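Given chain A, put chain B in place with the hints provided.
Protein chains: 2
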Amino acid sequence: MVRNAFYAQSGGVTAVINASACGVLETAKNYPDKIGKVLAGRNGIIGALEEDLIDTSLENPVDIHALRHTPGGAFGSCRYKLKGLDQHRAQYERLIDVFRAHDIGYFLYNGGNDSMDTALKVSQIGQQLGYPVVCVGIPKTVDNDLPITDTCPGFGSVAKYVATSIREAGYDVASMAKTSTKIFVLEVMGRHAGWITAACGLAAESAGEAPHILLFPEIPFDEEKFLVRVSETVGRHGYCCIGVSEGLLYKDGNLMAEAGGKDAFGHAQLGGVGQVIAQLVKDRTGMKYHWALADYLQRSARHLASKTDVEQAYAVGKSAVELAVADRNAVMPTIVRVSDAPYRWEIGVAELKDVANVEKKMPRAFISADGFGITEECRRYLAPLIAGEDFPPYRDGLPHYVRLQNISVGKKLPVFSI
Amino acid sequence: MVRNAFYAQSGGVTAVINASACGVLETAKNYPDKIGKVLAGRNGIIGALEEDLIDTSLENPVDIHALRHTPGGAFGSCRYKLKGLDQHRAQYERLIDVFRAHDIGYFLYNGGNDSMDTALKVSQIGQQLGYPVVCVGIPKTVDNDLPITDTCPGFGSVAKYVATSIREAGYDVASMAKTSTKIFVLEVMGRHAGWITAACGLAAESAGEAPHILLFPEIPFDEEKFLVRVSETVGRHGYCCIGVSEGLLYKDGNLMAEAGGKDAFGHAQLGGVGQVIAQLVKDRTGMKYHWALADYLQRSARHLASKTDVEQAYAVGKSAVELAVADRNAVMPTIVRVSDAPYRWEIGVAELKDVANVEKKMPRAFISADGFGITEECRRYLAPLIAGEDFPPYRDGLPHYVRLQNISVGKKLPVFSI
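Respectively, the protein sequence lines represent chains A and B. In this text, residue positions in the first sequence follow this note's numbering: the first is 1, and each later residue adds one. In this text, residue positions in the second sequence follow this note's numbering: the first is 1, and each later residue adds one.
If we strip away everything but chain A, and leave its shape as in the complex, we get (with noise of 0.2 Å):
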C-alpha cells in the first residue's frame, strides 16, 4: 500500500540537518511501492497543525541534492512543544485528522529531546484514535545529549568549528601578547553539558597550545581557582585563551549570564558569560581582552561541516525511512560507535520511548580533575566526530546553498488555531 510520509525539522537547526532531510526525500524515492510523496511541514510540526505542507515531489533532485551541503533547515522549524496527551489533546487529534485528510503514514520528525517525545507520544495517539502511523525520530541536536546515540548529528560540525575558531584566535593572540591583548574568551552553545566545551580542547594538542582553560556547565564557577589558573598561564606561555559554556554556573547554582528572555520551551535565553568572565580578568589582573561570541555561527557554519558528521547526518535521514517502510513504529536510528581507532560506526536503532525527554550528560570522567581541560578519554571521543571535509561548492567567492521552491500543499481542513 502507498502512502505518503510527513517530514518535519524541530528545535534549533544545525549545519547537517538537511542532509538528513536530503538523506530521507532521496531514499523515500527507493520506495514506490510504499511512500507517495514526502511531505514537509513548514516551520516545522505548526506545518501540520496548521495544514501547511510542502510537496517536495515538485522540487528539482540536483536541489534537494544541494540540501547536503546547505546549512539551517529548509522547509523551517520551529520551537513549539507539544505537552501530554491530556493537556494538548487536541493538538494531538488534529495532527491525526491532518494525517488522514493527506493519506499520511509516516511521520518522520528530525530534533532532539523534546521533539523525540512529541514523535513517540504521536504514535500513541495515532493507535488511540484507530489511525495506523509510523513514527520514527531523526536525532539532531548541536548539544550533543540524546541518550543512547553515540553522538547527535549536528554536533560534530559544531565541534569542529569550536576547535578550528579558538585554534586560529590562539595564533593571533600569541602574536599580540606581549603588548597588547594577553586573554582570549570564546563564549559557546552548550546549555546543560559542556561538550561543545570540551571540544574546544580538541585544538591544544602540545602543552601550551589554545585553549588553556575550559568552563564547564558542570563545574561551578570557582572564580579565585580560576584567576590563579589564569596568571599561571600567562606567567608560563605568555597569553591565556578561554573557552567557556553558555550555562556556567556560580557556585550557587544560578546561571552566570542570563539575556533575560525565555524560549518557547520555557528555557533561559542565555549570553554574554563570555564577557563577563573577560571583564573579571581584566578587573582583577589588568590585563586587556578580547571575546567572541560564536552564537549561531557555530552551528551554521556548513563551510567547516565534519565530513563524519554530514555522512552520519544523511544515514540517520535514510534509515528513518527504511525502518519506516519496515513498520518499525516509535524508533529512532543510532549511531552506534564500532571503534575508535581507527573510526568505525554503524547505525543501530533506539526506541523512542527510552529516548524521550532523557538528556545524556557528559561524563565526569571526561573532564580533567582540575575541572579546566578534557582527558585522554574525551579526546578518543571526539576526535572522530570532527574528522574529515565536506567542502560546500562555491560561487563567486562564497559557500553556494540552495533555497527550495517550498510550494504549498492544497488544504482539504478548516483552519485550526494552535
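Just so you know, these hints were derived from the structure itself, not from any lab. One or more hints might be untrue.
Same chains, same label: a pair holds when it works inside one copy or across any pair of copies.
DSSO-like cross-link-like pairs, simulated, lysine-lysine; straight-line CA separation at most 30 Å [stated by the list, open to error]:
1. 361 to 81
2. 37 to 178
3. 411 to 307
4. 225 to 307
5. 81 to 225
6. 282 to 81
7. 411 to 178
These numbers come from a predicted model, not from an experiment.
What follows is chain B alone, placed relative to chain A:
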C-alpha cells in the same frame, strides 16, 4: 655587498600576514649576493629596540613555506607606536645602533598606517645618522584603510569570513523565525571605515537575502529610521539580519559602544554595539534576537581565507624584497587594480610619505542612498577580493598550522629600556 635584512610584523595580525612573511623569506633567498640573513623582530619593532632578533635562517624551509597558510604573526607583533623623531629620538637611534651591530641594511616593516610612518622615519634617521638602510613598508590591515593601494592584504579574507558567516546565520535564522529568533545581529571590526561592514553585504545576492540592514560607521545611527526598516524587513521576509560596525556612532558623534579601555595607540577598545542594537530592537518590538561577536575569529580565520588575498599578501612580501635590493628607499608595494571583471591586478609602488598616517575612507557612493546597504559600485570593488579558496592542510579534522622555532640571535649591545 651582502647585508642582513630586518623584518617585523606590526599592529593587529591577520589571516595572511604570515603569507607576506613567507613572500619575504622565500624571495630573500633569491638574492644571496645582496641579502645575508633575514632577522625578524620578536614581537615586532620591540624586538629591534630590545635587540631580540630571530634568526630565520635556522628554520626549516618547509616550515617557512607553511607560513603561507598559517594565521597570526609568526614572530609576534606589537602595538607600540614610535612617535616623532623629536619625542622618540632615543628609540630611533637605538634602532640604528641595533642595525649597525647586526649589519642590517634592509628594514622591512609589515603593518598599517602607523607602521608606514615608522618606516618612513627610520629611513630619515638613517640618513641623518649616516647609516645606510633601505626602508620598505609592506601593507597589512584588515581595515583596508591604507591609501593608494587598491586593497590591503588581510582585508579580503576578513571580508570573505564575514560575508560567509552572515549568509550562514541567515539560513539559520530564516528557519527559526516563525516561532523563535527573528533578529540576528553580527558585529564586525572596522574602527573608522565601513569596509568590513560593507563586505557583509556581499552575502545578499537576491532581494530578501541576509544581511538586510548594514550599519556603517560612516552613517550616524538614526534609531527611528532603523526600527522602521527592521519592522518592514520582518514584515516582508519574516526575519532580519543586521551587520553592524564596532565603530557605529550616535548622531552626536559618540561611539555607541566602548568597552572602556584604550589600546597603546590611544584608540578606544570597542565591542558590544551588536548587543546594544539587538536589545534596542527587542525593547521596542519584543522580537527575540541572537547576536554574534566575531572579534578575533574574523581576522584569524585562515581556514576561510580568500585566495586573492593570500596571493596578494605573498606578492607584496616578495615585492618588498625586490624593491629593497633595487635600493628603492622609503616605498611600499601596492596592489593596482587593472580590471574588475575579469579581475586583474599587478604590483605598484607608493612613496611612504604619501602613505604614512593617511586613512582611506570608504566612498559615500559605496553606501546605498538610504544608508543601510551597499551599491553595485561597492559590490564590483569588493567581489574580486573574496574570490577563490585557499584551504590550509587539515590534520585530525583541524587546520594544521606551523609554529616556528624562533631562535634568537646573540645580543651584542647593552640592554635598552623602551
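Results of checking the hints against the structure:
Within a single copy, residue 361 and residue 81 get their C-alpha atoms as close as 22 Å, which meets the 30 Å cut-off; across copies the closest is 50 Å, which misses it. For the identical chains of this complex, residue 37 and residue 178 are inter-copy neighbours only, at 25 Å across copies versus 62 Å inside a copy, given an alpha-carbon limit of 30 Å. Taking the closest pair of Cα atoms, residue 411 and residue 307 never come within 30 Å of each other, the shortest separation being 39 Å inside a single copy and 50 Å across copies. Proximity of residue 225 and residue 307 under a CA criterion of 30 Å is satisfied in neither setting, with 38 Å inside one chain copy and 44 Å between copies.
Proximity of residue 81 to residue 225 under the C-alpha cut-off of 30 Å is found in neither arrangement, the shortest distances being 40 Å within a copy and 36 Å between copies. Taking the shortest alpha-carbon separations for residue 282 and residue 81, only the inter-copy value of 23 Å comes in at or below 30 Å, while the best intra-copy value is 41 Å. Taking the shortest alpha-carbon separations for residue 411 and residue 178, only the inter-copy value of 20 Å comes in at or below 30 Å, while the best intra-copy value is 66 Å.
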